[in-house]
Amino acid sequence: MSEHDNHHHVTPLGPMVFTLVSLVVLTVVTVLTAKFVPLPGSGNLILALVIASIKGTFVAAFFMHLLYDKAVNTIVVMSSMFGVVLFIALTMVDIGTRKLHEPLEAGEIVAGGGAQWVERDGKQVVDYKGSYGPSYDAAPGKSVLDAAREASDATGEHAPDADEHNAETPANDAAHANTPATTEHAEPAPH
Amino acid sequence: MTSVSVETTNTAEPHETYVHQHHWRNADDEKDAAKLGMWLFLGTEALMFSGFFCAYAVFRMLYPDTWKQASDYYLDWRIGGFNTLVLVISSFTIVQAIRGAQLNKKMMIFWNLLATNICALTFLVVKIGWEYIPKIRAGELPGAFFTYGHGPTGTTHDHLFLGIYWVATATHGLHVLIGVFVIGWCMIRTMKGQFGPKNYMFLENTGLYWHIVDVIWIFLFPMLYLV
Amino acid sequence: MSGDHDASFLKPIGDFGDGGVFSAQWWRGFRTEVWRWATTLDHKKIGLMYLCAVLFAFFLGGVVALMLRMELFYPTMIVDVTDAAGNVVLNDAGEKITKTTGELFPGWTSSKGPVTSNNFYNRLFSLHGALMVFLFIIPAVPAAFGNIFIPLMIGAKDVAFPRLNLMSWYIYLFGGTFAVYSLLMGGVETGWTFYTPYSTSTQWGSVTSMVLGAFILGFSSILTGMNFIVTVHKLRAPGMGWFDMPLFVWASYATSIIQVLATPVLAITLLMLIFERTFRIGVFDPALGGDPVLFQHFFWFYSHPAVYIMIVPAFGIVSELIAVHCHKRLFGYKAIAFSSISIASVSFLIWGHHMFTAESPAANVVFSALTFLVAIPTAIKVFNWIATMYKASVTWNTPMLYAMSFLFNFSIGGLTGPPHAVLSTDIHLHDTYFVVAHFHYVMMGGSVIAVLGALHHWWPKFTGKMYNDKPARWMALLVFIGFNVTFFTQFFLGTQGMPRRYATYVPEFTTLNQISTMGSWVLAIGLFGHLLIFVQSLVSGRKAPPNPWGGLTLEWYTDAPPVEHNFAHEPVLTHGPYDYDLVVPPGWDPADYPLPDPELVRKAHGH
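Residue numbers (the numbering used here), protein chains in the order written: chain A, 788 to 978; chain B, 33 to 259; chain C, 7 to 613.
The hints are simulated quantities; they were obtained by calculation from the structure and are not laboratory data.
On a predicted model such as this, the values are computed, not experimentally measured, just so you know.
C-beta atoms are modelled at their ideal positions from N, C-alpha and C, and glycine is treated no differently.
Do not take every clue at face value.
Just some of the chain C residues that point at chain A, by a computed CB distance under 8 Å [claimed, not checked]: (1) VAL271; (2) VAL352; (3) LEU355; (4) THR363; (5) ALA368; (6) ALA369; (7) PHE389; (8) THR510; (9) GLU514; (10) ASP565; (11) VAL569.
Straight line, CA to CA, 27 Å or less: simulated DSSO-like cross-link-like pairs of lysine-lysine [unchecked claim]: (12) A:LYS857 with B:LYS63; (13) B:LYS137 with A:LYS857; (14) B:LYS100 with A:LYS822; (15) C:LYS340 with A:LYS857; (16) C:LYS397 with C:LYS340; (17) C:LYS163 with B:LYS63; (18) C:LYS471 with C:LYS163; (19) A:LYS857 with B:LYS100; (20) B:LYS224 with B:LYS138; (21) C:LYS549 with C:LYS476; (22) B:LYS167 with A:LYS822; (23) C:LYS334 with C:LYS476; (24) B:LYS63 with B:LYS159; (25) A:LYS822 with B:LYS159; (26) B:LYS159 with B:LYS100; (27) B:LYS67 with C:LYS549; (28) B:LYS224 with B:LYS67; (29) A:LYS857 with C:LYS163; (30) B:LYS137 with B:LYS67.
Covered, in the sense of this in silico footprint (three residues per stretch, anywhere, with C-beta under 8 Å from a C-beta of chain B), are these stretches of chain A [to be verified]: (31) 809–816; (32) 827–838.
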């Protein structure tokens, strides 16, 4: 790019006219596809953003001379675009995955976390649904710890009654109802 | 690359006596540095607007249906589309202004800058006259000033959409307005004969700024008006 | 300014003619001089003005910190704030009785103690955080030391855009004015992080003007960063390639990248917060479908990289201190240089670890895993510094003591980071004093200690005066002890579950809190001692030689203080920045500086 006394870089006319024409055409295409070609899901959004990116690239490469400039300017653009993408993408990772586990409600948190004894097909099984933390489905069962407490209570007195593990018993009620003194050495009940 | 080199030995305009600032080793370094600095600034601009894009993306993801309804209801794509074309053309004319400086044609610089500024003012007039003022009259304003009544979505997402619409377009509009003044300043400097093949750094950086304003609109337009 | 090329840039200070102090002639000279400084384009003068401003902010923030520690000396709260007429303004619970502005000041004058209500305590720690982060530590190294020394170290006459540099200084002042204004109008209670929804809903004080102040300060930071990147790219002395740059320049370059890429997001975040407060745009307002946690994402996208704006230049300083005062080639130059850049890159990936209790579990896992990455380049640096000191002939003066202090404190600060990156432990430690201790070990034990080291290291260069090294060493020791007593106890408090940001605590924590508070007094005495030593140096210090420590980087080649345009002749680089085994330092007698056999050295290094 070193500039001698009598040599100057002149922006070529052809590519600029080409860019202008393609920008106009792409604008028309964006409007037509978005308004008159309904695509399923987020199809229209993605298509519009892809077209916008192409337009942006054209402006940067030709109008803004990135194609004819030193590479360092392109590196600057690339890193700031990297920042933009990172910012939006990682924020959406959080917001977009909130619904993956069921939201907690006050009063639902009990000892023992998300893994619960629930009744399925007439059998008691451990459900690890929502293994990130306490999580309850529409028919809450009993937390593993609660089941263990009950079992250790039961071993001293009477055999565990299967009906007590009824799916309709709310888990937090179970937590309040079963607070025996000897929870330290409790073990999960073998069913 | 398709960059062209031409001889311009027969020009001896006053601006050819350009002297670089004392702490630079030569004018080329100064020019490259000014351009690099401008690109860094443009990078910050992009990241600043990414805040709006991020907010848009999050709420578009959370409320896809109401968002689309609000967009269709409140915004007219014909106005946005017209403004897009205006900005695209203004981007082309400012490139031609720089070309005029490289070819040492003073009036070519001037007329192209004038065309750019006319486009910019058109953008602002359309924006304010056909969008902002009717919206303010109808009360289609962000949360605290929203008096429109029952919006199309039947939820508070109307407020949210209009909130992002107003802050994003107003911030962009402010950039356009600043651009108008800077380009006006360039026109004055052109008439003083300060731009020529060796000294069009300021003009070129103004152009870069103007293009980023254009690029941001290229993204804002489909996001807000179309999808 | 002066046409005389050999004139020191500091020459005319205090010398305003023969008329005597406060004569008409003196005032004329004084006004001219003030005008010269106010309109200067000289990076050294701008840097010095920055240095004075940030040290003043540090002083204010430090006084506030002492007040906070005083309050925590006893577990209970001292009650009832009264105004001058004796009316109760704030009751025991910190509720306002009557609305007055400037309620900060009734608290100052109350006879019942320095901190007199929960709200006042909230205001104080917010003030401490905002002052220290936005006004002191972010501009401290880049804007103050970077401004003075980057052009000197790369052999340039000035920074790339001197006018932009002056502008960034005035923007800094302007933003600082907003911060002071909001302080006078009652301050903020939100903490320096301005978390929503409290910051958008509170009617107390002047959140808007404080946020506006931080917004403006951000622009100052952006302009400084842009300026340094271009300076490093375009103004290196002839012969200086990328790998001939001193590591302070590398670190500042990495910092500038973060400043340029991250700060705009802070700008838009704070702008949206202002819009939220004034227009209720709803982005952070759950009542309108917005999301308060989104603010945390926005905020930490800037503020986590900002943590590295605070610490990475300190790494650069420590590299310089260790190389110069050990008189040894830095071990792993390229590794240290690249680790700065990789810290800058990784810093953008890990902001979510501030929100482990707020964000979705899937995002937690992603951010937790990414957070561990940053430990790698940091460890590379620490190991290289230690390897440099191995078998070196170390000069145990104040800057070197501070470098050692940095290594000790920063290692603790760094190693208490991974417990926060691990999800399970972080949930336990979140918002406890463990976090407070961790980031003070990095920010104060790392950055501030490095700033003090840099002050002692470069003091002779930019003032032209030597300071008294022996008392300075004692004060360095006091600072080290005071700092560790203050903050190490807080690790214990945190693991025992004492939450941060409360004015009171349960009586079980009393002993540790009292030890911590007493440590803060020792720290204050040490810092005050440094101030006295510096004042003594300015008043009656002996003249400094250009190269008192035997450094090889370019700033030691010019006079002390440097001449108007830095160098009498443009320097041409003939050796690397740390070729201590090949070159006798400028201004030193070869008899005092026995080099190893150059041939052997050359072979050993493969030159």
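Do the hints match the structure? See the list:
With a cut of 8 Å, the hint placing VAL271 (chain C) at the interface with chain A holds, because the nearest CB-to-CB distance is about 7 Å. Interface hint status for VAL352 (chain C): violated, as the beta-carbon distance to the closest one in chain A is roughly 11 Å, over 8 Å. Taking 8 Å as the C-beta contact cut-off toward chain A, the hint placing LEU355 (chain C) at the interface holds, the least distance being around 7 Å. Nearest Cβ of chain A to the Cβ of THR363 (chain C): about 11 Å, over the 8 Å cut. The hint is violated.
Taking 8 Å as the C-beta contact cut-off toward chain A, the hint placing ALA368 (chain C) at the interface holds, the least distance being around 4 Å. At its closest, the beta carbon of ALA369 (chain C) sits 4 Å from a beta carbon of chain A; the interface hint therefore holds under the 8 Å criterion. Annotation: interface hint on PHE389 (chain C) violated; nearest CB of chain A at approximately 28 Å, more than 8 Å. The beta carbon of THR510 (chain C) comes no nearer than 26 Å to any beta carbon in chain A, farther than 8 Å, and the hint placing it at the interface is violated.
For GLU514 (chain C), the interface hint is violated, the least distance from its beta-carbon to any beta-carbon of chain A being 24 Å, above 8 Å. Restraint check, ASP565 (chain C) versus chain A: the minimum CB separation of about 34 Å is more than 8 Å; hint violated. With its C-beta approaching chain A no nearer than about 31 Å, VAL569 (chain C) sits outside the 8 Å limit, and its interface hint is violated. Distance restraint check for LYS857 (chain A) and LYS63 (chain B): the Cα-Cα separation of roughly 12 Å lies within the 27 Å cut-off, and the hinted pair is therefore satisfied.
Note on LYS137 (chain B) and LYS857 (chain A): the hinted pairing holds, with a Cα-Cα distance of about 26 Å set against a maximum of 27 Å. The suggested pairing of LYS100 (chain B) with LYS822 (chain A) holds, with an alpha-carbon distance near 12 Å, which does not exceed 27 Å. A hinted pair counts as satisfied when its Cα atoms are at most 27 Å apart, and LYS340 (chain C) with LYS857 (chain A) qualifies at roughly 25 Å. Distance check on the hinted pair: LYS397 (chain C) and LYS340 (chain C) sit about 21 Å apart at the alpha-carbon level, within 27 Å; holds.
For the hint linking LYS163 (chain C) to LYS63 (chain B), the alpha-carbon distance of about 17 Å falls within 27 Å, and the restraint holds. With a C-alpha separation of about 23 Å, the suggested pair LYS471 (chain C) and LYS163 (chain C) falls inside the 27 Å cut-off, and the hint holds. Restraint check: the Cα-Cα separation between LYS857 (chain A) and LYS100 (chain B) comes to about 42 Å, which exceeds 27 Å; the hinted pair is violated. A threshold of 27 Å between alpha carbons decides the hint, and for LYS224 (chain B) with LYS138 (chain B) the separation of about 10 Å falls inside it, so the pair holds.
For the hint linking LYS549 (chain C) to LYS476 (chain C), the alpha-carbon distance of about 17 Å falls within 27 Å, and the restraint holds. Under the criterion of a C-alpha separation no larger than 27 Å, the hint pairing LYS167 (chain B) with LYS822 (chain A) is consistent with the structure, at around 22 Å. Restraint check: the Cα-Cα separation between LYS334 (chain C) and LYS476 (chain C) comes to about 24 Å, which is no more than 27 Å; the hinted pair holds. A distance of roughly 36 Å separates the Cα atoms of LYS63 (chain B) and LYS159 (chain B); the hinted pair therefore is violated under the 27 Å criterion.
For the proposed pair LYS822 (chain A) and LYS159 (chain B), the alpha carbon gap of about 21 Å is at most 27 Å, so the pair holds. Restraint check for LYS159 (chain B) and LYS100 (chain B): satisfied, since their Cα atoms lie roughly 21 Å apart, inside the 27 Å limit. Between LYS67 (chain B) and LYS549 (chain C), the direct Cα distance comes to roughly 43 Å. Violation of the 27 Å bound is thereby established for this hinted pair. Between the alpha carbons of LYS224 (chain B) and LYS67 (chain B) the distance comes to roughly 23 Å, so the proposed pair stays at or under 27 Å and holds.
Between LYS857 (chain A) and LYS163 (chain C) the alpha-carbon distance is near 24 Å, which keeps this suggested pair within the 27 Å criterion. A distance of roughly 22 Å separates the Cα atoms of LYS137 (chain B) and LYS67 (chain B); the hinted pair therefore holds under the 27 Å criterion. For the region 809–816 of chain A, the assignment as covered by chain B holds, since 3 residues bring a beta-carbon within under 8 Å of that chain's beta-carbons and 3 suffice. Here's how the region 827–838 of chain A fares: 6 of its residues keep a CB closer than 8 Å to some CB of chain B, so the rule of at least three is met and the hint holds.
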